[in-house]
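Enquirer: Protein sequences appear in the order of chains P and B. Heads up: the first sequence runs through residues 20 to 352, numbered per this note's numbering. Heads up: the second sequence runs through residues 20 to 352, numbered per this note's numbering.
Honestly, the hints are just simulated from the structure, not real lab data. Do not rely on the hints blindly, as some may be mistaken.
Which copy is meant is left open, so a pair is good if it fits within one copy or across any two.
Simulated pairs of lysine-lysine, DSBU-like, Cα-Cα distance not exceeding 35 Å [unchecked claim]:
(1) Lys21 <-> Lys291
(2) Lys214 <-> Lys95
(3) Lys184 <-> Lys252
(4) Lys210 <-> Lys95
(5) Lys271 <-> Lys184
(6) Lys210 <-> Lys109
(7) Lys21 <-> Lys66
(8) Lys290 <-> Lys252
There are 2 protein chains.
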Amino acid sequence: MKIVVDAMGGDHAPQAVVAGVVEAIKEFDVRIVLVGIQEKIEVELKKFTYPGDRIEIVHAPEVVGMDEPAIVPIRKKRDSSIAVGINLLKEADCGAFVSAGNTGAVVAASSFILGMLQGVERPAIGLVIPTLKKFSFLIDVGANPDPKPEHLCHSALMARVYTQKVLGVEDPTIGLLNIGEEATKGGGFVKDIHKLMEERVTHFIGNIEANEVFTGRADCIICDGFVGNVVIKVSEGLMESAATLLRREINKSPLAIVGAMAMKSRLNHIKKLADYAEYGGAPLLGVNGVVMISHGRSNPRAIKNAIRATIRELEHNILTAMIKEVSGNHRLH
Amino acid sequence: MKIVVDAMGGDHAPQAVVAGVVEAIKEFDVRIVLVGIQEKIEVELKKFTYPGDRIEIVHAPEVVGMDEPAIVPIRKKRDSSIAVGINLLKEADCGAFVSAGNTGAVVAASSFILGMLQGVERPAIGLVIPTLKKFSFLIDVGANPDPKPEHLCHSALMARVYTQKVLGVEDPTIGLLNIGEEATKGGGFVKDIHKLMEERVTHFIGNIEANEVFTGRADCIICDGFVGNVVIKVSEGLMESAATLLRREINKSPLAIVGAMAMKSRLNHIKKLADYAEYGGAPLLGVNGVVMISHGRSNPRAIKNAIRATIRELEHNILTAMIKEVSGNHRLH
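Model the full assembly from the supplied sequences, consistent with the hints where possible.
Expert: Dropping the structure here:
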């Protein structure tokens, strides 16, 4: 099994990526192709000892910046690590592509170069989010901000396969994110989706309101890419603002500082539960290939866990299973 | 100045509402009309001493349940406190209507009975949210889930007036909630709104990503009612889930319990900063009348503060100012 990793993607590339890759080959039975600027990758690799035959480098002289338009790897930087890496997935005997780089660029290049999965019209990004129960799978968090009802239905079907095969949830429930519980709530758009999902999606439990996203009421939560992106960003922002406020208040009182120190080990435990690095990456579903998008701030552990998730996808033949599910010819059990 | 209050609205009605009204008349120079089931209101009023000529009761035998369809006060329960109360606003010499009842029903009945404000096509609900700076005004949080670009532009113009006149922000900045900072981000819908707002809205600072909702970067944050509703509910849900998780973790360690006790006064201070009761209610903007929707869980303080906000609206002739702003004939300074 050979996995392509974008060495230049993310805020801490290539250091964090290379360190994560070395961790991965020590832990998993996998071979890695690092794509990016060769000399920079070599400098990082020299810091480690590892079985040399398990990592190869493919030189890609260009880098897509985190803020460049999504179209860049297709139009301008065809020698970027993103474009070269995804082409390797298509042409060589590689099974998956992992990148912590520019999300829009990975989505656009994957859709363009790999094409769509049979029966699927648009890509969607899923994200594992921590909940009071354990975790849920939120999809789409940003690939398709303006979908048709059919697209969300496909996301639901693919999410069911991913959650079951990769995350190990036995018979995943599917909820539609809406602004009320009743089927009649929301605008015309979500009402159409609700109807379609009732007809086509196994174990559809109806609408989920946003205050239940983190309670774990549904294993998969389906929404359009605009709303899903708002959900994860408002949550990130709120936790950061709350933490800032908390620090500001604690520092006003010596007693509170001592109190916070006494609570530290429990707070760290919560921090770990909510750590994106635990889940590694966000799978890009709907394209004709296994692609994993990692957080721009990925540390080595996040990269390693992203690689682990793609290994599970490959072991479970996730693409074939999704094609079957979307075509209605599914056999999940 | 006479303000109509829905005595039957909210989870703790009529107790909390009547108690809040009594607080309000002691604090503000205002007269209140309590609408609802007369005998129930009288039972509550008997618990207090207050200047009797400042509160009158108008009997309304029906109550709209919190989960009933929005259309109920218009079609079926025309003798409900919501329908009777809003009619009083239209027909009698009353200046405003406050309700902690069924939000959809208040929106529908207000739009139907009062009609729309000159130049405005659809209503929008605004909400004051606490931020790291002080507060921001988020609009729409649920009245109009399927708006046209023009509707969001009107919301922005009305928000500017409300924030300046009622909340006292000198020259409010307006941000558009989007999934990227650049003008080209998001679906076709938000791009159209962005263009329209650039042309028509004073002090428009462009797109705001959802992770900046609570940092206070923009005084007013504009979005459609679906997205706004998701923002407030996901935030509420996340804080509740985080608190549950925190309690669960703290209870695992005696040291952490002591630590939490030591931090208590600072935590309570934060709780107060984030308390919706401080801001009282969410103004329903765009209808031809001053209507304030309070949280279903409103306590007496929330009701009192909602009344205070309507008094400010009336003192500043907010409806006239909004008509001028929307028509382009504005003079805010």
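Enquirer: Tell me the numbers of any earlier hints that the structure contravenes, in ascending order.
Expert: Going through the list in order, the structure violates no hint and respects every one.
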